[in-house]
Amino acid sequence: MSVLRISDLTIDYRLGQGSVRAVDHVSLEIEAGEAVGIVGESGCGKTTLGLSVPLLLPANASVSDGHIVLNGESLIGRSEEEMNHLRWKSVAFVFQGAMNALNPVHRIDKQILEAIQTHEPETSKDDAYARVLELIELVGISPSRAKSYPHEFSGGMRQRAMIAMSLACRPSLLIADEPTTALDVISQAQILALLGELRSQENLSLVMISHDLSAIKKVCDRIVVMYAGVIVESGPTDTVLRRKNGVVTAAHPYTRALMGAHPDLSGERILAPGLAGNPPDLSKPITGCRFAARCPEVMEICRTQTPPTVTITPGHSVTCHLSVRSAS
Amino acid sequence: MSMKDMNPTNDTVLSVSDLVVRFESGGRQSKKKIVRAVDGVSFEIVRGEIVALVGESGCGKSTIAMAVMRLIKPTSGQIISDGLDLATIHGRALQRARRRIQMIFQDPFGSLDPRQTVMEAVSEPLTIHKVGNSAGERKELVFEALRMAQLNPPERLSENFPHELSGGQRQRVAIASAMVLSPALVVADEPVSMLDVSARAGILRLMMDLRDRLGVSYLFITHDLATAWVVADRIAVVYLGRIVETGPSEVLVKNPAHPYTQALLNASQDGDTTISAAASVLKGEAPSAAAVPTGCRFHPRCPKYVELGKPESCRSEDPRLRVIKKGEIARRDHSAACHFTDEVK
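Heads up: the protein sequence lines correspond to chains A and B, in order. For the first sequence, counting from 1, position 318 maps to 318 in our numbering; every step adds exactly one. For the second sequence, counting from 1, position 19 maps to 19 in our numbering; every step adds exactly one.
No lab work stands behind these hints, which were simulated from the structure alone. Every residue gets a Cβ at the ideal spot worked out from N, C-alpha and C, and that includes glycine. Keep in mind that the hints are not guaranteed to be accurate.
Unchecked claim - Beta-carbon label-pair distances, calculated as ranges: (1) B/Val306 <-> A/Gly97: 44 to 50 Å; (2) B/Phe23 <-> A/Ala101: 26 to 32 Å; (3) A/Ala101 <-> B/Lys325: 46 to 52 Å.
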């Protein structure tokens, strides 16, 4: 059964006179226990998509179309009070820069305890505290450090504490927005390993939003590539991100450009050309493919016609005129 | 071909020897601790060379950069550039010397003054160092620096404020204001880690182009071994205030000798590694620089130490950096600070 089903979701931001369509008819399904990574540059809509699930969008955002179904229940149009019952228990969120989201004047154990007591008032204080210590241990922090203040922790430990807190009410779905971005490589690898372990131990479904493809490759089963508010490619991580002896199976030129942007230690010692320019202005309607203006393989048809989504192999689909051509 | 191969001899831009930076931590007199942020570091950079310092957060790599810039005063050691010891000079002499060494910071959103136009930001170093005889001449120098940083057309972009630019463009402005004084050395502290992946390659390519065209050298500070490998001629891996391994980038990445370098490499591989490889990564945190372990400072986290049955020497003797493989010139030796380097493949 799917934990989360997003269909045709469209989100607009009101800005001054006009509006910006940050997410444009996006559909996505997450199975129980599955880990899905969402990648793309800043401003491509990945954070907006993530925030839409717990309905935590900023005040100037509105859902113009589509449905979000979490554990069989439709979320769009729910009141703030109803959502408060679902947040933390059904879906928890680890924010970008979460290391700085801890309250500096409270001890770590107290902050996690508060989360449990707020959302499960029926739990006794002793039981709740026992769970706090369990959670702290679960994320690899010694329970003897439970009474520390956030400033006594390193960045990696603060991120672990935030993950412990997000699991306080045993959610079925965890959405982590750039969980490793501000950390150094060793802490990154530790946090990614932790997320992988939690997934199997706690039977957690995971949505990981990141611009770091190698992080997604290490944790996620499936990858979704977003560009300018739409999904341009999605498929099994092993297939989409395969890079062996120079052979790349990623089908969309944007995915390939993202893959080339970071040097691969097992590949050739060269600096890839990168991707010039910026994503398009989403306050204006776009004709043709959204990526056409930056695409190194652009064709005439790309500038005039919206590309269709084609399935290349089961589970691997791409929205690009090039793939239509090679399929036929 | 880069400059490094053409000039193997006396072209040293920077020579750091036995650099030590200690801080006294706050608190009551009885509780004060000495933090050994940089604990005896030596390296040199020649004209047109890119040297990368790689390590975890808190390893002291940024403190080394700040000491080289003389933004902090080293406790001891020498920082020789252009015949002067930057560690001891001050006042006018220091200000003159600073002209030759410029810096690019990590955060292009924070390092530019939001109320200064690009023209004001890039011309400020010229004013400080009294370069150019007239406003017109200075303006020309700014335009040239902007063109060099590929901010075209400079006439229009120079009037922009930082908020009107993308992250990549802002970092190009930072590069232009570093290059406007034609420095011999640029210290770049994580110059791309705050940028979008798509903008990173462009900035790194620009830095390498400027090296090839102008012969400028870089001290490149990063935690990303893969980027260091592609960009730098030589890499020095820093752990708890010491260089634990150094060598030509290709040699160091293909044949890492120190167990710490191997762990860093494991953590940065993205080839076909999955969660199991990621999980085999070092446990725990680097110890605090206020309590450096005895013997080899890496032994409490070292997988090799456990594998070899916890040898006494790792706990009692501080390993010195020694040559494992001689380079064609001394500067390009491959060296590591590990008692069991030979056993390490």
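Here is what the structure says about each hint:
Taken as a hint, the range 44 to 50 Å is violated for the pair B/Val306 and A/Gly97, whose Cβ atoms sit roughly 35 Å apart. The supplied range of 26 to 32 Å is met by B/Phe23 and A/Ala101, whose beta-carbon atoms lie about 28 Å from each other. Taking 46 to 52 Å as the suggested C-beta distance range, the pair A/Ala101 and B/Lys325 conforms, at roughly 47 Å.
When each numbered hint is compared with the structure, a violation occurs for hint 1 only.
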